[in-house]
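As they're listed, the protein sequences go chains A and B. Using the working numbering, read the first sequence as starting at 1 and increasing by one per residue. Using the working numbering, read the second sequence as starting at 1001 and increasing by one per residue.
Any given hint could be a false lead.
What the hints assert, rightly or not - Incomplete in silico selection of chain A near chain B, CB under 10 Å:
| # | residue |
| --- | --- |
| 1 | Trp7 |
| 2 | Tyr34 |
| 3 | Gln38 |
| 4 | Gly41 |
| 5 | Arg42 |
| 6 | Leu44 |
| 7 | Leu46 |
| 8 | Tyr49 |
| 9 | Ser57 |
| 10 | Leu90 |
| 11 | Thr101 |
| 12 | Gln102 |
| 13 | Phe104 |
| 14 | Gly107 |
| 15 | Arg109 |
What the hints assert, rightly or not - Residues from chain B that keep clear of chain A, each with C-beta distances beyond 10 Å, as calculated:
| # | residue |
| --- | --- |
| 16 | Asn1003 |
| 17 | Gln1014 |
| 18 | Thr1065 |
| 19 | Asn1067 |
| 20 | Lys1068 |
| 21 | Thr1069 |
| 22 | Pro1082 |
| 23 | Pro1111 |
To be verified - Label pairs and their in silico Cβ distance ranges:
| # | chain 1 | residue 1 | chain 2 | residue 2 | range |
| --- | --- | --- | --- | --- | --- |
| 24 | B | Asp1017 | A | Gly41 | 23 to 29 Å |
| 25 | B | Thr1108 | A | Glu26 | 33 to 39 Å |
| 26 | B | Val1020 | A | Leu82 | 34 to 40 Å |
I should point out that these hints are in silico values taken from the structure, not numbers from a laboratory. Remember, it's a predicted structure, so these values are computed and weren't measured experimentally. We put the CB at the ideal spot given by N, CA and C, even for glycine.
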Amino acid sequence: SQTIHQWPATLVQPVGSPLSLECTVEGTSNPNLYWYRQAAGRGLQLLFYSVGIGQISSEVPQNLSASRPQDRQFILSSKKLLLSDSGFYLCAWSVDPGGDTQYFGPGTRLTVL
Amino acid sequence: GENVEQHPSTLSVQEGDSAVIKCTYSDSASNYFPWYKQELGKRPQLIIDIRSNVGEKKDQRIAVTLNKTAKHFSLHITETQPEDSAVYFCAATPFNNDMRFGAGTRLTVKP
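Chain A with its partners taken away, still in its complex shape (with noise of 0.2 Å):
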């Protein structure tokens, strides 16, 4: 069966440290990748998806990057984090793309201070 990871479950960083963050998919080939932020209280923003290696669409301007060096790894990353960027940070993966059940990792809860 399919299985997704993400780490770390939480991370607290100062304004203006770097980030990353790692989601891997186990199960499964050529999966589709995305990223969601969640801040509090709010609902899903997708940030980023990837449809295979080095295939990566943002939807959202920000100080935010995502990289996929490998079938089934997704990092997401920022060289200098804001407050804003504290949030509920969601990897999921899908079969197909479009028209498909997504699937979500554990999360990251990140804070900024």
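Add chain B to chain A, keeping to what the hints say.
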């Protein structure tokens, strides 16, 4: 792009009553409509979904209806229980892989 609106933002019901959450979407090309349940501090979990070639789908106490003409779909929970308390998100996705979520509905079931 797709725009999904969800109502109400909060919903409080008595245990045993029914709950209905409604969503509208803007892109007529959307063909897949999942519903997710998110408990406090946890990841969203898929509870039911419907595709555009189906008008209604039911799974025990949960049902979803879709009206393509009006571009709206609804989640119905019958015989609510305290463990149904959570935030529920609807979503819509057209073929281009760009799933859009509603803002969420916080459901509270009072015992």
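Legend entry - Interface restraint verdict for Gln102 (chain A) against chain B (beta-carbon cut-off 10 Å): 6 Å, holds
Inset, instruction - Compute the least Cβ-Cβ separation between Asn1067 (chain B) and chain A, then decide whether it is above 10 Å. - result: It holds; Asn1067 (chain B) is separated from chain A by about 18 Å at its closest Cβ, greater than 10 Å.
Inset, instruction - May I ask you to test the interface hint for Arg109 (chain A) with respect to chain B, counting a Cβ-Cβ separation under 10 Å as satisfied? - result: 8 Å, holds
Inset, instruction - Just double-check Thr1069 (chain B) for me: nearest Cβ-Cβ distance to chain A has to come out over 10 Å. - result: At about 19 Å from chain A, Thr1069 (chain B) clears the 10 Å cut-off, so the statement holds.
Inset, instruction - Closer than 10 Å between Cβ atoms is the bar; does Tyr49 (chain A) clear it against chain B? Give me holds or violated. - result: This interface hint holds because 7 Å falls under the 10 Å limit.
Inset, instruction - Could you tell me whether the CB distance from Thr1108 (chain B) to Glu26 (chain A) stays inside 33 to 39 Å? - result: 36 Å, holds
Inset, instruction - Grab the minimum beta-carbon distance between Gln1014 (chain B) and chain A and tell me whether it stays above 10 Å. - result: The claim stands: Gln1014 (chain B) keeps its Cβ more than 10 Å from every Cβ of chain A (closest is about 24 Å).
Legend entry - Hint check: 10 Å Cβ-Cβ cutoff, Tyr34 (chain A) to chain B: 8 Å, holds
Inset, instruction - Please confirm whether Pro1111 (chain B) is truly not at the interface, meaning its C-beta sits more than 10 Å away from all C-beta atoms of chain A. - result: Non-interface label stands for Pro1111 (chain B): nearest chain A Cβ at 24 Å, farther than 10 Å.
Inset, instruction - Could you tell me whether the CB distance from Asp1017 (chain B) to Gly41 (chain A) stays inside 23 to 29 Å? - result: 25 Å, holds
Inset, instruction - Examine each Cβ of chain A, and state whether all of them lie more than 10 Å from the Cβ of Lys1068 (chain B). - result: 14 Å, holds
Inset, instruction - Given the range 34 to 40 Å, decide if the beta-carbon distance of Val1020 (chain B) to Leu82 (chain A) lies inside it. - result: About 39 Å separates the Cβ atoms of Val1020 (chain B) and Leu82 (chain A), which means 34 to 40 Å holds.
The structure is inconsistent with hint 1 alone, although it conforms to all the rest.
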